[in-house]
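Participant: Now for the letters of each chain:
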Amino acid sequence: MNMTSDIPAQAMPVPATPPASRTNPVHARPAIELQDASVVFGKGPQSVTALSPTTLRMERGDFLALVGPSGCGKSTILRLVSNLIQPSSGLVLLGGREVAAKELRIGMAFQNPTMLPWLTIEKNVMLPLKIVEPFKRTFRQDRKGAYRDRVHALLAQVGLKDFANHFPWQLSGGMLQRANLCRALIHDPDLLLLDEPFGALDQFTREELWQILQDLYLDRKPTVLLVTHDLREAGFLARRICVMSARPGRVISDRAVDLPQPRDIGVIYDPAFVEMTQGLRELIAQVRK
Amino acid sequence: MTDATRIRLMSSSFILGFFLLWEVLCIVLNVSDLILPRPSEIAVTLWTRFPVLWPHILQTLYATLTGFTLGVIIGVSIGVLIGTSRVAYGVAYPLLVGFSSIPKVAVVPIFVLWFGSGTTPAILTAMVICVFPIVVNIATGLATTEPDLEDVLKTLGASKKEILWNVGLPRTMPYFFASLKVAITLSFVGAVLSETVASNKGIGNVMMTASSNFQVSLVFAGLIVLALMGVALYAFFSFLESRVTGWATRGNDIAIT
Ligand SMILES: Nc1ncnc2c1ncn2[C@@H]1O[C@H](COP(=O)(O)OP(=O)(O)O)[C@@H](O)[C@H]1O
Ligand SMILES: [Mg+2]
Chain P
225 MNMTSDIPAQ AMPVPATPPA SRTNPVHARP AIELQDASVV FGKGPQSVTA
275 LSPTTLRMER GDFLALVGPS GCGKSTILRL VSNLIQPSSG LVLLGGREVA
325 AKELRIGMAF QNPTMLPWLT IEKNVMLPLK IVEPFKRTFR QDRKGAYRDR
375 VHALLAQVGL KDFANHFPWQ LSGGMLQRAN LCRALIHDPD LLLLDEPFGA
425 LDQFTREELW QILQDLYLDR KPTVLLVTHD LREAGFLARR ICVMSARPGR
475 VISDRAVDLP QPRDIGVIYD PAFVEMTQGL RELIAQVRK
Chain H
5 MTDATRIRLM SSSFILGFFL LWEVLCIVLN VSDLILPRPS EIAVTLWTRF
55 PVLWPHILQT LYATLTGFTL GVIIGVSIGV LIGTSRVAYG VAYPLLVGFS
105 SIPKVAVVPI FVLWFGSGTT PAILTAMVIC VFPIVVNIAT GLATTEPDLE
155 DVLKTLGASK KEILWNVGLP RTMPYFFASL KVAITLSFVG AVLSETVASN
205 KGIGNVMMTA SSNFQVSLVF AGLIVLALMG VALYAFFSFL ESRVTGWATR
255 GNDIAIT
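Protein chains in written order, with my numbering: chain P, 225 to 513; chain H, 5 to 261.
Just chain H, with the same shape it has in the complex (with noise of 0.2 Å):
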């Protein structure tokens, strides 16, 4: 057995063992399902309920999905911007880190004030919530291209485009794909949150409503749905990172002089 196999099968046990070790421990403890339903509980709500959560998930993901992509759109477009123009950085970056700090919970209010409480604020969410890492990690790529290198592609005489799109935007794909995983994340977040507050559709307003009908299976059964969700948004992300940026992580150990 290789260590990563051993790693994986130990890390499975350990899944399997902390709901194990849950029911257990609601069985001996006589906790009421009103506080803390067990898992067996929970796997039959997921059961029975799964048609009626379905529309949700689909909604849930919409929002997390077309939010993140107008996100990226817009990340990459400032990043790029500001990672190219040492002007564009100087005069805007003042105004992202500001923008950057506030929590981003705090504008989902100005959301549903403008838009309406539905889809529309839980998109927006989702967007505004993850530009921010793909800007940075854009313009930073940017930033670090050689200047021997720049030097050598200059004096052949190539153009500020030609050097972007050689040079520039290549080097950039790992930072990128980085900071897709986290922005993925991140929008999803933004998305349930969103919908959790003001929205009547969406995984975030099931567990918002059965929390307010006491149907406390059917709020830990939208947790698990939320956790395998943002577990499998992460897991494509980083998949994706691997395959299209394998020459960055490939061959570290190998010193080159």
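Pulled out of the complex, with its shape left as it was, chain P reads as follows (with noise of 0.2 Å):
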């Protein structure tokens, strides 16, 4: 398996001729890129750095998985990208600009599926729809047709198609899930964000649900930036994974995942595979410490 090194020396804003735009016209902008972005939370002596400098980039249609000790700034890093926080030096890039999150069509999923209990899933995953541009300006009107079929397509897509009505309570674990992802992509985002959405489910369902979010992937092909400790979930899904210090943390290795998509499951068996697994896990071990 091929692993190279893919820490852009210094983070410009996109140069005339980027060279990655030659090889590859899919990646010719950069989407999201953090530029010695800092962020340090409270000040003076109880002030707690969450997160080094960093430096990031992503290009348009990646998936960057994000793994590292817990506590070193994976969360912190989704909420800078999403605009949620401000970094505390540097800068949050989208399309090479300093721009607000607003421009870029966002769709975020937590391990906690946060369904609302008193909607039907359609109503849950539709929610969406009710809140960002385009669609909220024609939902009132649109409500029972074109939306609501849109939702049950994606339900579909994910296994949930006779699930569209039940409640939440009604579902498993797994079965939430699958609804939360649903959400995070029901209004088409430019940039899918996951922080550890398959952490509280088991071994087989979490299976179930990497090989459904990579046909969503493969299928709508958005910007993923997937926070995750489970390091077969990273070399399963990702196209990249970036390696984060203990706190205050900051990545320490970037690597590409050369394997062809989409991945059958039994690659995690893979010798290959299971030794960038016990790769990363030796590199987190380090850095532990």
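If you're looking for bench data, these hints aren't it; they were derived computationally from the structure. A hint or two may mislead.
Derived lysine to aspartate or glutamate pairs resembling EDC-like cross-links, with alpha carbons at most 20 Å apart [unchecked claim]:
no., chain 1, residue 1, chain 2, residue 2
1, P, Lys347, H, Glu150
2, P, Lys385, P, Glu432
3, H, Lys164, P, Glu357
Need the complex rebuilt from these two chains, each delivered in its own frame; the hints are there to steer you.
Facilitator: Shown next, in the form of structure tokens:
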């Protein structure tokens, strides 16, 4: 297996002829960039550095997995990218410019599926269409029409066709997490942010969800940033894996996963795959000290 | 027979048995009806005096519901304000706690002083007595929105108003309806109390007048009317609660991972 280091030496706004664009037009411009972005919570002696100055560049349509010891700042990076918090220093760039995240359509899913208990699964998944433009504009008129079909099509894609009119408490944890993925994707986001989405599921359900997420990704090709502590999950799903050091974290390794997609679930027992996850495990064990 | 119907049957016989025992003990111990009239006497009084009682029932109901409605409006407004704004919460909460710890009975003389005796102090007492539980429950409901969910919505570009409308308020509904049950009971108590002290209308006043005229069985008839009204009001808001916020109590035994 071929692992290549891919940390950009310097992160400038898009150069006139980006070298990547010649080799692969899909990666013509960077979707998201952190430039020496750091995050410090609080002031004075009690301040907590959640993230050391970090530079990270994600191409459009990329699938990046972020792994590292707990508390190293992975969720903080997601919150930076989604504009929920501002960097204490450095820049967060979208499409090479410093813009509000509002201009980028973002979908987000956490470990906790946070379905609203008083709404059916269909209505839960539909929620972003009620909030995000341009869907919001026609939501009132369209509720029973195209949007509903759109939700049903997506639910069918993750195997929840017959559960559209069920309430969240009627679904298992794995099913809720599928619905959660649907809610994160229904508005066709450019960027999908996943924070340990499958952390609470058993291994079998988890692998099922990996395949569902892979299919959704290959179907829609959003830019994905996946935070996980499961190295096999990172290896199976991602095109790139970044490893972070212990708190205050920064990216210490950035490698590509050169396996063609779609990947078969059996790949995780491949010697080369096992070797890769083993290498990552050792790296994280080192930085935890 | 299901467990539920058996319990219901037992509870009905228990109530019936209570009144029977009362009746029997009054006869056996030869209790004067100036001290404790028998249930049968009270029933007769209730029946014969009902045309006289009826306008007072309406009056008490009117004072209770008007005060309650005003209390709900005020309570919800304050609750939403301090539940959604950290600053408002910090500023207003100490005063509210201080206010809530006043025994509300103590405000009746003030209202009488300001508005004279009659319907107004009854309405106002019913109002102030029910505001606080509503405020607390609304504020609590709004404050318990999951941070993860809030992040998801903010990332979608949802405004504060949209989050409140789609998540905050619906989530608060179970708290709100639970507080309504408490609030209506308190309002009822407040209205009757104020009528007892300073009014010439309402069941509270009927009981007060009957008491000073030694019409003991009429006093007890008033008590029975109050009990029935209290139960009816509580039952109505209980029913409303189960209809509107059934989702909050449904499926609690199903574990969600
Ligand atoms: N709002 C906050 N205030 C203070 N410290 C925080 C805050 N959010 C996160 N931290 C701290 O920053 C560090 C990184 O947090 P996080 O990004 O959530 O880590 P993880 O990699 O486990 O997702 C942690 O040590 C955490 O305690
Ligand atoms: Mg985290």
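Participant: When the hints from earlier in the document are held up against this structure, which numbers fail?
Facilitator: none
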